[in-house]
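J.: For the record, the sequence lines run as chains B and R. Here this note's numbering is used: the first residue of the first sequence is 9, the next is one more, and so on. Here this note's numbering is used: the first residue of the second sequence is 4, the next is one more, and so on.
Any given hint might turn out to be false.
[Claimed, not checked] Partial pick of chain B residues on the chain R-facing surface, computed with a CB cut under 7 Å: (1) L51; (2) V58; (3) T60; (4) S66; (5) W68; (6) Q75; (7) Y164; (8) E188; (9) M192.
Derived from the structure by calculation, the hints contain no laboratory data. None of these values were measured; they are calculated from a predicted model. Where a beta carbon is used, it is the ideal one built from N, C-alpha and C, also for glycine.
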Amino acid sequence: MDVSKELDMSGVGEMFNEPTANKLTVGIVAFFLIFLGINTADLVKNNEKVRTIIDGDSTWTVSFEEQIIALSDTVIIADGATETIGFVIESSLLAEGYRVGGITIQITYGETSGIPADPIDSVFASIDQNDLMVVWDDENNTKTGSSNDGSDINLYLRAYEGYDGEDKNMTGFNEIQVLEPWLMEGTGFGTLNLELSVETNALPFTTDNEEEITINVNIITFKPAAIN
Amino acid sequence: MTQESLAPVAAITNLILGIITIAMSNRGEQRSSHKRFTALLIGWSFMFLSLYYVAETLLDQYFISPFPTGFDLGLVSYEGVVARDSLVLIQYGANSALNIIMLVMALHIPKDFGKGTYWNAIVIAIIAVYCIVVPPLIFLGGMRLAASQLIIWVVVGIIWTHHYLRGIILEHKTGDEGYRSESKVSAILLLIWLGWQMVWWLSAFTFLNNEWFVSVLSQLETAPSFLWLIAVNLGWTIGAITVCSLFAGEVFRTTQRGLTGVSALVFIVFFLGFANWIQDSLLLDAYYSCLEGNCNQESEIFALMNYLTSGVLIYLLQPLLFVYLLVQFQIIDTSSEENRNLMRVMILLILLIISSSIIELIQSLIPIPQMISGSLLAIGVVFFIGWEEKITENFIGKSNKSDVDTIGGDGFQPNLLRNTSILMSLIVIYMVVIAIIFANAGA
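Can you make the complete structure from the sequences, with help from the hints?
T.: As structure tokens, this is what we get:
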């Protein structure tokens, strides 16, 4: 086929030889431009809203309001015996919006035989690892303790990962995001089993074969709040 | 519920179709060289689509699944991982090539804008210069520059919409079926290239696309420019306007002359706009979740709807419509026995791939046992083999004279056609090489 070398743009003229179609196309182009303008204005508005949040101050301080729930029990344990004392921790103990952050246990005892100059007994305490919802491997935990001079035994279990009661600096676009790590449900729930054993020390020709022990369990609960 | 990506299927389908189409375009030297050039354009569109989907498949398999339209809007950037970045840059390169081929098609089908050797040379030179210059500019100047290419979509959308309306009006005025062929080919080309944007038309008109885009904006570390925000809306806006024009045109034509396959397809795409709008409305909270609550963007509903609408249109319908165009408008020569065999391969291949993909698609939505889906596929295979001749004849024999004559224009000298193929091959190599170089340089 012979092909002309001349640049002939007659196809453009042919394309626009129908007046009705031309008018419709002009209308469509005009509508396109108007609609594009409106749509872009809307998107720009959305973008401004987004940038205000993203480029704004995204640092937050999360503080914690604490409430302590106290449980206690007193038991008498015979010499050489080991007893397990259980404390059930459940949601009904907690106020609305609070979560368990940690559990402190204080074990107190004195010499209760009534014999003058009777030496103080020895008490051993340990927390049984079970399905209680705490951070069992936290390095701040104190799961065992003992005393042979009547001093208190203090034990501690962290229930909520990272919770130490101190304010935290967090980053996020909104309160929900920064509070999210502190809204985990169910932590600290279960049965806290405390194993106690006693070894009595008695004067010659006297009898001291048991000890009275008081256990005070403080459940530290917290409610987080974020300030921008 | 997870959906298997259709990208690997599309990659293989497009590759095979590309090879067959290019091979067929080189046959029958006595045929209209304009049609041979058109076949070449479609063949190389298949090849670039295949390159794009191969990169997408590998990227999806080993690295990331970007946002829909992520590459059109330049949302995917370097990450310093050479393999990942190479795939990303290959996708940007293939995307640029597809954009310019689409523009050349619009200047060329159904009717040539220009004539003469110079015009033909200019058209081919435009493809070459664009493919050589634009990808490196994007790689160096920032990926968001890619969004400026959406202007091409607008130009193409307006050209084909005008052709379409002109065809509808002239057919109504003169009763000449040739004009229907013109409007039909324009409608099909619009559905092929912009169809996946059209399904969001109602969300565009109700600004819900902008609400969805908040989920994208909230992930951007730096503030986007005003020009980029304009570019973002170009695709949705032209998609919305073209589908409404097609819908109005087909409703008008259907009332006058009855329903056709193209009309039905336009109505389906138009209807999908409602489905996607409902989905967008349901997910409004999720779009704002990163700003107003906890990020919740992994929406299964969005993924499913996107998969069933845009995904099916891009991956499955696009090659099917291209094949329909090739056969119905006799862009490739179907008269010789040699070509008929290739045609059979092409038609059966696409029917089999699409039917197996649809079965996979159903299986990903409804957990039917593989025994049943395997049996269904076997039934399909037997059906296609048994009725192979009838199916092929049905495809080939349906062309009417007006369809055949619709795509016409100036002749191309044989050496220009040969050079086009060589040029396109070199562009593919160039795209891959510069992608690897830039990825290694970490530009």
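J.: Each hint needs a verdict: does it hold in this structure or not?
T.: Do the hints match the structure? See the list:
| no. | hint | verdict |
| --- | --- | --- |
| 1 | L51 | holds (5 Å) |
| 2 | V58 | holds (4 Å) |
| 3 | T60 | violated (9 Å) |
| 4 | S66 | violated (11 Å) |
| 5 | W68 | violated (14 Å) |
| 6 | Q75 | violated (26 Å) |
| 7 | Y164 | violated (31 Å) |
| 8 | E188 | holds (6 Å) |
| 9 | M192 | violated (13 Å) |
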